[in-house]
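**Q** Sequence:
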Amino acid sequence: MRTIPTLSYTIQNILMSMGTIFVSFSSLMFTLMVVLPLSIARGMMPRDMLMKVPTNMAMRSRGKVVLIVGASRGIGMEVLKQYVPEPTTTVIAVAKDPDNLRNAIIHLGDTPATVQIETIDLSGSPKEIARAVEELDRQYGPISHMYAISGISNHLKNETAFNLEVMEKMVKVNISGIIALTMSMYDLMRKRKFGKICIVGSVAGIYGPANMIGYASTKSFINTFGTSLRTLASANNIEVVTVEPGFIDSRMTRMMRGQGSSAPDSNFADAEDMAARMKQGVEKGGVAVVTWPVGQSIQMNALKGLNPICDDLGRWVSTQLRLSGKKIT
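Counted the way the working numbering counts, the sequence shown spans residues 2 to 330.
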């Protein structure tokens, strides 16, 4: 009986749901009546008018310099593949383990773009990460694009139990490491008044089963950080795009399926498609959040409208259904 909500709490939740309906309807009408016509007008403009031009002469005199952190596999490797066909582009491919990354790049063969292989450990101190970014910018830059893709999950080791140590590692890499990386790059770009930053969060950070407590919490932080930084960075001619992938076929999700996930295989999208949409969103502009598959993002954003009672119930149900497997991550 203690789990049944009190009357006052239930009334509070009813009022929250009513407020959500009002705000959601207002948002829909604004998007239909104001944003949609502007988007149609944008589609009719010549492409040259939409190109983002560097204000820094050093950046105008050379092609793109693209820093990809987490490039050794999965989405990161697919983003790298999106840029290597460009002959005037320099790609700085970064991973914690350079040997795996080097082997993956060798399999690509000769590429029109120049590819440099470097290493950054996002579990290191913020000062170490900042020094590494500054050195890459000095050696290969000025860096025009930065993709922060690296992240870890407890799914990757079957025998690892959920505990304080696991949470600490995820927070250190997924939050502290990504923030140190992003802010170091942002500070350099702010001085030049130009740059493009792409940060990978997750739809799990919007809504997810309770047993994804660690991973989803870190990605929720990144989702909020990325969208807020976009607003602040625009004053310095810097574009920030947040990526919120759904179920993407990757090493992590394959491990998750091996740990009893009930999500059907058809729900897992290809990492190549995700990478193509990331690049398109970064290069074309006008996109704050890139997500794929879109249907999963629609579902998770809709679930943001749940009041706390239904939110609590939904997380319990999705955990019991084992959508993210049996393991607590």
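Since the hints were made in silico from the structure, they are not lab data.
The reader is advised that the hints may include incorrect statements.
In silico DSBU-like pairs for lysine-lysine, Cα to Cα no more than 30 Å straight-line [stated by the list, open to error]: (1) Lys65 / Lys327; (2) Lys128 / Lys97; (3) Lys194 / Lys327; (4) Lys170 / Lys65; (5) Lys170 / Lys97; (6) Lys280 / Lys82; (7) Lys327 / Lys173; (8) Lys285 / Lys194; (9) Lys192 / Lys280; (10) Lys97 / Lys327; (11) Lys285 / Lys170; (12) Lys327 / Lys170; (13) Lys305 / Lys285; (14) Lys285 / Lys192; (15) Lys173 / Lys82; (16) Lys327 / Lys285; (17) Lys194 / Lys170; (18) Lys65 / Lys82.
As the structure is a prediction and not an experimental result, all values here were calculated from the model.
**Q** So, for every hint listed, does it hold in this structure?
**A** Taking the hints in turn, this is what the structure says about them:
1. Lys65 / Lys327: violated (43 Å)
2. Lys128 / Lys97: The given pair, whose Cα atoms are some 17 Å apart, holds under the 30 Å limit.
3. Lys194 / Lys327: Roughly 47 Å between the alpha carbons, so the hint for Lys194 and Lys327 is violated.
4. Lys170 / Lys65: violated (33 Å)
5. Lys170 / Lys97: holds (15 Å)
6. Lys280 / Lys82: holds (11 Å)
7. Lys327 / Lys173: Judged against 30 Å, a Cα distance of about 24 Å means the pair holds.
8. Lys285 / Lys194: holds (18 Å)
9. Lys192 / Lys280: The hint holds at about 24 Å.
10. Lys97 / Lys327: It holds: about 28 Å lies between the C-alpha atoms, which stays within 30 Å.
11. Lys285 / Lys170: violated (35 Å)
12. Lys327 / Lys170: This hinted pair holds, its Cα atoms lying about 20 Å apart.
13. Lys305 / Lys285: Holds. Lys305 to Lys285 sits at ~28 Å (cutoff 30 Å).
14. Lys285 / Lys192: Roughly 23 Å between the alpha carbons, so the hint for Lys285 and Lys192 holds.
15. Lys173 / Lys82: holds (28 Å)
16. Lys327 / Lys285: At roughly 40 Å apart (the allowed maximum being 30 Å), Lys285 and Lys327 break the hint.
17. Lys194 / Lys170: violated (34 Å)
18. Lys65 / Lys82: Holds. Lys65 to Lys82 sits at ~15 Å (cutoff 30 Å).
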